[in-house]
Each structure stands twice: as C-alpha cells, then as structure tokens.
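**Q** As a plain string of letters, each chain reads:
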Amino acid sequence: MKLKRTINQVFAVAKTDFLGIIRNKTAIFFTLLFPLFFIVIIGFTFGTQGATETSRISIGAVNRDGETIYVNDTISQNSTIGDGFVQALTEANFTVYEYSEYGDKDTNGTAAYDISRGQIKIAMVIPANFTETLSFQYSTPTKANLDLYTDPSDPTGSIIAQQSILGFISGFVSYYQEIAINQTPPDFQGYVEVLADPVTVSTSEADVSGRQLKWIDYLVPGTLGLVLLWSGLNHASLTIAIERTRGTFQRMVIAPVSPITVLAGKLISSLAIVYLSAAIMLASGVLLFQVNLYWNIPVIVLALFLGALSAIGIGLIISSLAKNEEAANSIAVIISVPLQFFIGAFFPLSIMPAPAQMFGEALPFTKLVNAMQNIMTKNLPFGAVVPEMLYMTVAGLILFALGVIAYRLSIKRL
Amino acid sequence: MDFNGVEIISVTKRFEDTVAVDNVSMNVAKGEIFGLLGPNGAGKSTLTKMISGMINPTSGTIKVGGYNIQDDSMKVKELLGVVPQDVVLYDYMNARENLAFFGKLYGLSGSKLRNRIEELLKFTQLDEKAVKRHISTYSGGMKRRVNIAAALLHEPQIILLDEPTAGLDPQNRLALWEIIRTLHKEGKTIVLTTHMMDEAEELCDRVAIMDRGKIIALGTPRQLIKKVKMENTITVVPDKISPKLTEAVQKVSGVKNSYRAYDETEKIETLKVITDRAEDILPDVVSATLSVGTKILSIELSRATLEDVFILLTGRSLREEEEQT
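Line order of the protein sequences matches chains G and V. Counting from 0, one number per residue, gives the positions in the first sequence under numbering that gives the first Met the number 0. Counting from 0, one number per residue, gives the positions in the second sequence under numbering that gives the first Met the number 0.
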C-alpha cells in the first residue's frame, strides 16, 4: 500500500516535471531542438565528406617560369613545365588564381595582398628556372625550389591547404621521376628508381568498422555526450530552482512526501528528456545524413542511463544550491559550455595539451562518447566498453548522491 | 477548551541575529477560526511556516492534532492543509491536472481522487471550459480558489491560510470569506494569518496580535476591544489630512488618540478619533477640523476595531508599520 502510494507520488512528480518542458516552447527549443539544430548545421557543413574537397582550397599561383634567365651563360625563356604544373593544379580541382608577382600585403593585385585579405589560403611561387632545372639544362645538377606562403591568421585552414598542396607536389614529383627513369638505360632504371625515391609512404584508412565511414558517422555517437550536457545537466539544474521560484517547492516540502520520492520523480523526468533528446539526435542523423552505424540498443540505453546519472547529479547540485532559476541557469551554462569541448565530441582529446587531456579523460561524459563510438561505429562487443561503463557507474552514483545531499540542504534553507 | 488543534509552547525562531518569533506560547482549539494578526515582519509567516513543518523552531515545541511536528512530521502533514499567500500552482497545467498532482502527493488515487477533484472543482465554481484551460489564463480570483482547493484535497482537519485575501478586489474578498465560513461549518480548525484587522474581526473566533515576534494580545475580538476600554471611534473623511489637523483634533477634550488610517475598501484616507464618549465630543471634533481650514467630506461614529487595539498597544498604525517594513 505504502509502496503503491510512493510509486504514484514518484510518477506524479515526473509527469508534472515533464509537462513543464513539453508545454514550454523555450524549454523545448533549448532542451530538444537546439541539439537537433546543432547536428543539422554540423552535418550539412562537414558531415557527408570523408576529407576536405580540393575545390574548397583557393591557391594563388605566381608562375615566374618563362621569365628571361641565363642558363650556362645562355639566355633562356622556357615556361613549358611551369605552365603544365599550373594546368595540373586546376585539373586537380584546386581553385587557382594566377598572379604575376607575390608582392606585398599593401599592393592590390598581388598574391600577398589577397592572402592578407583571406581571398586565398596559400600562395605558391614557381621559380623562373623551373623548366630548365627539371629538363636538365644546367651543366651542374640544380634543383627547382617552390616557395609556399600560408595565412598565419588561419592556422587550421593553412595546414589543410599546405598538406593538400604538398600532396599534389608529391604526386607531381612521382610523375616526373617516372619520366626521368624511363629515359635512363634499362639496366640502371631499377637503381635510379630507388635512388630517386628511397623511402615511400603509403597511407590508407584501417578497417575499424567493416563499413565505409564518413565523418558524420563518428560525430553522431559523440553527440550523445552533448545530449547529456545540454538536456540532462541543463534540465536537472533548473528543475528544483524553477519549483523554488514558482513556490511549488514549498508546497512539496509541506506535503507528506519524502525527499527521495521527489528526487526519484525528478530523475525519471530528466531521464525521459535525455532519452527523447538522444532519440531526436540519432533519428536526425539517420534520416538527414544516412549515418552508417551499428545499433546495439540495450548497450546504448544502458550507457545513456549511466552517463545521465552524472549529468543529473551535477544538475541537482546546481539546482539545489542556486538561489533562483536565473542563477541556476547561469551556473549550468558556465559548466556545460566549456565541458563540451573536453569530452571528445568535437575534437579528439589527443590534440589537446596533457592537462586538458587528463581533465577530459576524467569526465564521465568522455567515457560515454568513447563507449558510444566503440559500440556504434566500430561494432565492438559490450566487453570492450566495460571499463567505461564501470567508470560511469561509480561517477554517476557519487554525483547523484551529492545531488541528494544538496537537495536536503536546500530544504533546510527554506 | 479542546487543545487537539494546535499547541505552541515557548517557541522561538532565530535567523542569525534576528529573532523572528520570540518565546511564543498559544493554543488553537479544535474547530475554531484563529486569527494571527500583525503587520508584515511581525513573525506571523515564520510562525505558520513552523506549524506547517517547512522550517524548524530554534527552541520550543509545536503540536498539531496532538502530534509533535518534529517527531511525527508525516502525521502532522496529513492533518494540515496549507494555503500559501501566493498562488502556488503549475501555470502550464489546468485546474484538474493541478488538483490531481497535489492529490497524489497526499496519497490519493483512483476513484477517491477523481471524486475529490470533482467535488473541489464545484467548490472553485469554475465552468467546464475554464477547468480545461491552463492556470496561466485564469483571473486572480479563480487562481485563489484553485489554490485553496489544492490544500483541501486530502480533507485536512486543520487549515492554515496565509493572507488568503491579499490583493483581491472586494467582491472576491467577500467570496473567499464565505469559503472560510463554509470550511468552519464543516468543523475544520482554521488558522488565518492576516494583516487586515477587519477581516480578522469578521471571521475569527479568537485572535492573537503579533508585533516584532511576540504576541501582544490574545482573545476574542470583543474581549480585546473591551480590554483596552475603547468602545467608540469617530471616523472623519476630510478633503486633506495634515499634521495640523491631527494636532487640533488630538487637543479636543475626551479624545484618547487620533491617527490616520487607510480604508482598503473605499481606497481613501481617513482620520480615526478614539474616544469613549463619541456622541458628546462629536461637535468639538467637527469644530476642530473646520478650524484648521479642512473640509469634512463625511463623518461617522463606530465602535472601536482591532486596528484601534493595535494602535493603542503599539503606538503605531498598521499602515505606518507596513510602510516601515
């Protein structure tokens, strides 16, 4: 009888709390639709590509090949290979702008001017003796040198552009070596080939999934970590604070309901919000971007539950200790916004400094992201994510217990 | 007297350096309407919060229906129905949903809950259309009625009403008085907190006047008025009230006290003159008023009120007290 009464009370609290979200347009947006907006924007911007398209890289070509030079004291003016090189760049689908000189940042119409204004990401100067050096016109062996200039104000874009151009140059060099080797007497061709290219590197993606994966396929499992922060932590951080502002908190305190019963109701409604938000996130990934994932639903549900315990625990601490709704909201934003960059959903933790990596690795949300990526993209068995699950269980129980203590303290503050 | 209502024994409540309730002892008998009167900050709300179990006393004992609130808090909560001063409802739910929620908190379910909700929806006098609308669309009076209904679902024996008519227009105020009288007729014990002396006088069997954390007077309204020997009041409505006017009236022989008061119903400022020979000194009061160049809009004789008692006991009017707080 008492159990039935308690269960009724728990679900009454949960239902009332849940209705507070789904009948509030602002709450719906920030709790459920904002994550959807996020995945749509990120997905359409980057999601469907495995790598950056070369057409997105704008390169400035300063082709000085063909300018009058002296080769072995003889005037020469040959631009054959330089012109072919620029033509090949265009055919490789780079967006190529041609300039007559590199210039400086203040001289309009030069490559340096356009780099400084972000029109091009990288400039390449082809030397005047490009054709002569590569066609062995010099009496002593001479190497051709290409000068590359990148935009220091956009390090990420510059690195992508630089790596793409170096890749192109590497391909060009291989093609050139092949022609040069073909002109060598047959008995020496093998040796020359090794000498010309003594170390080769081949790069290809390892088979981690059994399927061809796009970037969005890795992003979507990571967004489940963001769901915990956006929906779980934020909703839980407001749930008690709103009741206090509204005055209904006092009415609950004077009713014959134990604090644990109230918190159980709040936990259920917060979990419902997390699962609903996660379902929207995953469904939009499937419907809009045709994500190619493995759906081990029981493990996904369990991992979300364990991760949500931590998020809701932190939220309850905030909600119980904050003076009002506004304060709770501000604290939740201050905590959740920076945290989302440390859970490995946007960037791999490996690119971060060691202290940041240690901090990120300590977060239960990072464990969820790791577990979900292992389960959903790599199709690893449950055993492979047991350490993450155990970590989330311990962290979740500790943080939720702290949330209960904070709630009890908040009752005494009435 | 049956003390199975509320017993308050030497209760003190401190908030750091402030003593909100100072060694208060009193009893509320079963079935009576008991008024806790006083200005804001007098300690009434703190005392009712302690009775409802929302906060604990620093020292002293409170028993509700014979149960100690600290030892048997769940039993006390079952006995009590608390109507907060502010409307405390979920504005995104309709009246029925709100009542269902609060009913479940008090352990009601199934047909018992459904029947109680229907009974109380009748009590709120909301039509079927209004019942389906969210609380946020209700008028102040409608919200107040649902607010009270939410505290009555579990049929509490003792009802705490904290300033139930604050901010209501006269019509809704009278309607709420009727509700309180009905609950009284049903045998409920009612503790009514108010700063409106006329309300207490109209409704309460007994009142306790609180000031600065202490009870300064306790008894039936008639007893209190008789105790201070102030049977009559002359209420003057002048065109303007000035210090010169109060000074002139105060000098009239037979005047015990005079003070400015605000008539909540008429929304006008009046000058109250306390005396035990109203008819004899009325011509002198009129002369004194006219002598300072003030016109009289109306004048009436009435018996003294609890407001007059409060002034005589504290030397301050409730209005002055409210302005200070």
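The hints are simulated quantities; they were obtained by calculation from the structure and are not laboratory data. Treat the hints loosely; a few may be bogus.
As the list claims (entries may be wrong) - In the SDA-like style, the derived pairs of lysine to any residue whose C-alpha atoms are separated by at most 20 angstroms in a straight line are:
# : chain 1 : residue 1 : chain 2 : residue 2
1 : G       : Lys3      : G       : Arg245
2 : V       : Lys142    : G       : Arg245
3 : V       : Lys226    : V       : Met25
4 : G       : Lys411    : V       : Val18
What the hints assert, rightly or not - Stretches of chain G that chain V covers, calculated by requiring three or more beta carbons in the stretch to come under 8 angstroms of a beta carbon on chain V:
# : stretch
5 : 242 to 249
6 : 254 to 265
7 : 329 to 339
Positions of the beta carbon are idealized from the N, C-alpha and C atoms, including for glycine.
**Q** Hints first: check each against the structure and report whether it holds.
**A** Quick rundown of the hints versus the structure:
no., hint, result
1, G:Lys3 with G:Arg245, "violated, 28 angstroms"
2, V:Lys142 with G:Arg245, "holds, 14 angstroms"
3, V:Lys226 with V:Met25, "holds, 19 angstroms"
4, G:Lys411 with V:Val18, "holds, 18 angstroms"
5, 242 to 249, "holds (count 4)"
6, 254 to 265, "holds (count 3)"
7, 329 to 339, "violated (count 0)"
Hint violations for this structure: numbers 1 and 7, all remaining hints satisfied.
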